[in-house]
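Novice: Residues per chain, in single letters:
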Amino acid sequence: MSNIAQKQEKIAVSGDEAAAYAMKVIEPDVVAAYPITPQTEIVMNFSQFVADGEVTTEMIPVESEHSAMSACVGSAASGARTMTATSANGLALMWEVLYIASSTRLPIVMPVVNRALSAPINIHCDHSDSMGARDAGWIQMYCENAQEVYEKLILAIRIGELEDVRLPVMVCQDGFITSHAVEALEPFAKEDVQKFIGSYSVPYSLLDVDNPVTFGPLDLQDYYFEHKRQQSEAMSRAYQQIPEIVKEFKNTFGSEYDFLELYRMEDAETAVIALGSTAGTAKNTIDGLREQGRKVGLVKMNFVRPFPAEELRSALSPLKAVGILDRAESFSNQGGPLFSEIRAAMYSSGQRPPIADYIYGLGGRDMTPGLIEEVFRDLDKVAKTGKVEQSVHYIGVR
Amino acid sequence: MKDLLEIRWHGRGGQGAKTSTQVLAETAMYQGYDIQAFPEYGPERGGAPMKAYNRISTHPIVIHSGVESPNMVVVIDPSLLEIVDVTQGLPDDGILLVNTDSKPEEIRRQLKFEKGTVGTVDATTIALETLKQPMPNLPMLGALLKANPVVSIDDLEASVRHKFEKKIGEEKTKANLDGVRRAYEEVVLE
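As given, the protein sequences belong to chains H and A, one line each in that order. Its first residue numbered 1, the first sequence is counted upward by one per residue in our numbering. Its first residue numbered 1, the second sequence is counted upward by one per residue in our numbering.
Heads up, a few of these hints could be off.
[Stated by the list, open to error] Taking lysine-lysine pairs in the DSSO-like style, the calculated list, with each CA pair at most 30 Å apart, reads:
no.: 1; chain 1: A; residue 1: 172; chain 2: A; residue 2: 146
no.: 2; chain 1: H; residue 1: 24; chain 2: A; residue 2: 166
no.: 3; chain 1: H; residue 1: 10; chain 2: H; residue 2: 295
no.: 4; chain 1: H; residue 1: 320; chain 2: H; residue 2: 295
no.: 5; chain 1: A; residue 1: 132; chain 2: A; residue 2: 115
no.: 6; chain 1: H; residue 1: 381; chain 2: H; residue 2: 295
no.: 7; chain 1: H; residue 1: 190; chain 2: H; residue 2: 250
no.: 8; chain 1: A; residue 1: 112; chain 2: A; residue 2: 146
no.: 9; chain 1: A; residue 1: 112; chain 2: A; residue 2: 132
no.: 10; chain 1: H; residue 1: 24; chain 2: H; residue 2: 190
no.: 11; chain 1: H; residue 1: 387; chain 2: H; residue 2: 320
no.: 12; chain 1: A; residue 1: 132; chain 2: A; residue 2: 167
no.: 13; chain 1: H; residue 1: 195; chain 2: H; residue 2: 24
no.: 14; chain 1: A; residue 1: 163; chain 2: A; residue 2: 146
no.: 15; chain 1: H; residue 1: 387; chain 2: H; residue 2: 295
no.: 16; chain 1: A; residue 1: 103; chain 2: H; residue 2: 190
no.: 17; chain 1: A; residue 1: 163; chain 2: H; residue 2: 24
no.: 18; chain 1: A; residue 1: 146; chain 2: H; residue 2: 10
no.: 19; chain 1: A; residue 1: 172; chain 2: A; residue 2: 132
no.: 20; chain 1: H; residue 1: 10; chain 2: A; residue 2: 167
no.: 21; chain 1: H; residue 1: 320; chain 2: H; residue 2: 228
no.: 22; chain 1: H; residue 1: 387; chain 2: H; residue 2: 250
no.: 23; chain 1: H; residue 1: 247; chain 2: H; residue 2: 195
no.: 24; chain 1: H; residue 1: 381; chain 2: H; residue 2: 320
no.: 25; chain 1: H; residue 1: 250; chain 2: H; residue 2: 195
no.: 26; chain 1: H; residue 1: 10; chain 2: A; residue 2: 172
no.: 27; chain 1: A; residue 1: 146; chain 2: A; residue 2: 103
no.: 28; chain 1: H; residue 1: 24; chain 2: A; residue 2: 167
no.: 29; chain 1: A; residue 1: 132; chain 2: A; residue 2: 103
no.: 30; chain 1: H; residue 1: 10; chain 2: A; residue 2: 163
no.: 31; chain 1: H; residue 1: 10; chain 2: A; residue 2: 174
no.: 32; chain 1: A; residue 1: 167; chain 2: H; residue 2: 190
no.: 33; chain 1: A; residue 1: 132; chain 2: A; residue 2: 146
no.: 34; chain 1: H; residue 1: 24; chain 2: H; residue 2: 10
no.: 35; chain 1: A; residue 1: 166; chain 2: H; residue 2: 10
no.: 36; chain 1: H; residue 1: 190; chain 2: A; residue 2: 163
Treat the hints as calculated values from the structure; they're not laboratory data.
Please model the complete structure; the sequences and the hints are all you need to start from.
Specialist: Okay, structure coming up:
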């Protein structure tokens, strides 16, 4: 373990500050961003680093999120390592450009501070913003706490910029719950981070006037399909290559971010699947239930794109009942987005445990240990009968 | 200290409850505890009732839900006693600290908080006399440490210096520390 990079002295920071500190040690060439609650402190703190000369990043203040992502596309295409950050309605306003960034294969890295989409107006956490963007071609990671925000942003740079991948990455944290809670952060030395991420180079630069290229031209029936197919293959190469980078990250910094984190799953009979800060609260609840002799566990998803179907099949197949914790509605009358995808992935498994969906926490409604216990009580019933009487539940709602 | 200490702060927007939770958390972190400090945001505006929370633990803190039954409650603004249920979830062995010129027994009677400990200190007067501003948030930290010495008053002073001296200068930092120390000495616990 002696060659693991030394962590610096602990600091007490919020999730937003953790993201800004990560951006400071990454020191991207360009940041184009527009502030929106609860992401504002990322942009605010990073702008301070730029103003104080602590980083040489060129900061582009823009007039909207549509412009922020557009500026990022131009910047990344020219060969500059590029970052931005957003939340909720800001992400929604970026929508068409999200697709352009991924289709143009530009590895922009963006902290997303998850917040409910309007209407009614709500500034608190749910995953409706990033879940809606899950088909936009971006890699998506979710973070449990401030330390993970910091570390996964560094990891995201390496993954997005892989030569055979070149895809943008969203690193999601829970609005307010993570973004505005102060926790202890152990930052890394900048030189260790720089060594890990290396330098960014592009095969074709928009600004290479000796070798002019065109980005984003008209691409009709003759080639568009092939380009989409290539984009899909890039995501599947991301799936193949992420484990190697995750291993390298672990050897360098000590933390392990496999597609899935399995918590007390060795002999578990029932389990919940969660993203973000709820995974932490679930761990706490599971520890309590384990003390009562209950065989319960947690599957925390570090990545939602690429979707770790094989890993989920292997983790869930032996279980007697599975509960999906969805912090978003999809209005399909078929449950939330995670439920639909995980249940579909399990269809091709030889062993298919009963699966139920538990939609929770919309608009920042608190997810308490009591509610998670309620889910496990329900899963016990499902495990006993082997049948899902009700496949979609709303918990903590009046 | 038990494995986990949970504190709920009641204040009004702009009174510095959030700052107090962060100073306490940072001090405890330097003493080797794992920490959380988080405000509960509503429609945030100056003067509106707000809450903020601390978790301080000897073990890694993984829970990220709100604090439901705190070990301690700190009320920065006495006018909240009439409009907020400040003892909600406070157990029988809990500690209630109030910034007020009333005596603990009067608060106990007013809130019908019969068991547990009640502490009172006139932190607003202390702040006006030391800092010359009606900011009772840091003095309430001094009172808190008398009721539960999770960190020492010296550790707190060191971290207040570390956090504020550069930002607000030596003189103002010292005035703040005088307020913290006075509240620590003057708080009445019953």
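Novice: Decide, hint by hint, whether the structure agrees.
Specialist: Evaluated hints:
For the hint linking residue 172(A) to residue 146(A), the alpha-carbon distance of about 23 Å falls within 30 Å, and the restraint holds. Annotation: proposed proximity of residue 24(H) to residue 166(A) holds, straight-line Cα distance about 22 Å (limit 30 Å). For a cut-off of 30 Å, the pair hint linking residue 10(H) to residue 295(H) is broken: about 35 Å separates their Cα positions. Straight-line distance between C-alpha atoms of residue 320(H) and residue 295(H) comes to about 11 Å, which keeps the hinted pair within the 30 Å bound.
Straight-line distance between C-alpha atoms of residue 132(A) and residue 115(A) comes to about 36 Å, which puts the hinted pair past the 30 Å bound. Our distance criterion of 30 Å between C-alpha atoms is met by residue 381(H) and residue 295(H), whose separation comes to about 14 Å. Taking the CA atoms of residue 190(H) and residue 250(H), the gap is near 17 Å; set against the 30 Å cutoff, the hint holds. The hinted pair formed by residue 112(A) and residue 146(A) meets the criterion: a straight-line CA distance of about 23 Å does not exceed 30 Å.
Of the pairs offered as hints, the one joining residue 112(A) and residue 132(A) is violated, with about 34 Å between alpha carbons and a cut-off of 30 Å exceeded. Distance restraint check for residue 24(H) and residue 190(H): the Cα-Cα separation of roughly 8 Å lies within the 30 Å cut-off, and the hinted pair is therefore satisfied. The straight-line distance between the Cα atoms of residue 387(H) and residue 320(H) is roughly 10 Å, inside the 30 Å bound, and the hint therefore holds. Of the pairs offered as hints, the one joining residue 132(A) and residue 167(A) holds, with about 18 Å between alpha carbons and a cut-off of 30 Å not exceeded.
The suggested pairing of residue 195(H) with residue 24(H) holds, with an alpha-carbon distance near 14 Å, which does not exceed 30 Å. This hinted pair checks out: residue 163(A) and residue 146(A) have alpha carbons roughly 21 Å apart, not beyond 30 Å. For the proposed pair residue 387(H) and residue 295(H), the alpha carbon gap of about 19 Å is at most 30 Å, so the pair holds. About 54 Å separates the Cα atoms of residue 103(A) and residue 190(H), which puts this hinted pair outside 30 Å; it is violated.
For the proposed pair residue 163(A) and residue 24(H), the alpha carbon gap of about 21 Å is at most 30 Å, so the pair holds. A distance of roughly 27 Å separates the Cα atoms of residue 146(A) and residue 10(H); the hinted pair therefore holds under the 30 Å criterion. A hinted pair counts as satisfied when its Cα atoms are at most 30 Å apart, and residue 172(A) with residue 132(A) qualifies at roughly 10 Å. Straight-line distance between C-alpha atoms of residue 10(H) and residue 167(A) comes to about 20 Å, which keeps the hinted pair within the 30 Å bound.
As the CA atoms of residue 320(H) and residue 228(H) are separated by approximately 39 Å, the hinted pair breaks the 30 Å bound. Only pairs whose Cα atoms come within 30 Å are accepted, and residue 387(H) paired with residue 250(H) is rejected, the gap being roughly 40 Å. At most 30 Å may separate the alpha-carbon atoms for a hinted pair to count; residue 247(H) and residue 195(H) meet this at roughly 15 Å. A hinted pair counts as satisfied when its Cα atoms are at most 30 Å apart, and residue 381(H) with residue 320(H) qualifies at roughly 10 Å.
Only pairs whose Cα atoms come within 30 Å are accepted, and residue 250(H) paired with residue 195(H) is accepted, the gap being roughly 14 Å. With a CA separation close to 27 Å, the supplied pair residue 10(H) and residue 172(A) stays within the 30 Å bound. Between residue 146(A) and residue 103(A) the alpha-carbon distance is near 17 Å, which keeps this suggested pair within the 30 Å criterion. Proximity of residue 24(H) to residue 167(A) is assessed by CA-CA distance (about 21 Å); at most 30 Å being required, the pair is judged to hold.
Simply put, residue 132(A) and residue 103(A) have alpha-carbon atoms about 24 Å apart, close enough for the 30 Å limit, and the pair holds. Of the supplied pair hints, the one linking residue 10(H) and residue 163(A) holds, its CA atoms being roughly 14 Å apart against a limit of 30 Å. With a CA separation close to 26 Å, the supplied pair residue 10(H) and residue 174(A) stays within the 30 Å bound. A threshold of 30 Å between alpha carbons decides the hint, and for residue 167(A) with residue 190(H) the separation of about 25 Å falls inside it, so the pair holds.
A hinted pair counts as satisfied when its Cα atoms are at most 30 Å apart, and residue 132(A) with residue 146(A) qualifies at roughly 23 Å. Taken as a hint, the residue 24(H) and residue 10(H) pair is honoured in the structure, with Cα atoms around 16 Å apart against an allowance of 30 Å. For the suggested pair residue 166(A) and residue 10(H), the alpha carbons sit about 19 Å apart, so the restraint of at most 30 Å is met. Of the pairs offered as hints, the one joining residue 190(H) and residue 163(A) holds, with about 23 Å between alpha carbons and a cut-off of 30 Å not exceeded.
In this structure, the hints that do not hold are numbers 3, 5, 9, 16, 21 and 22, in rising order.
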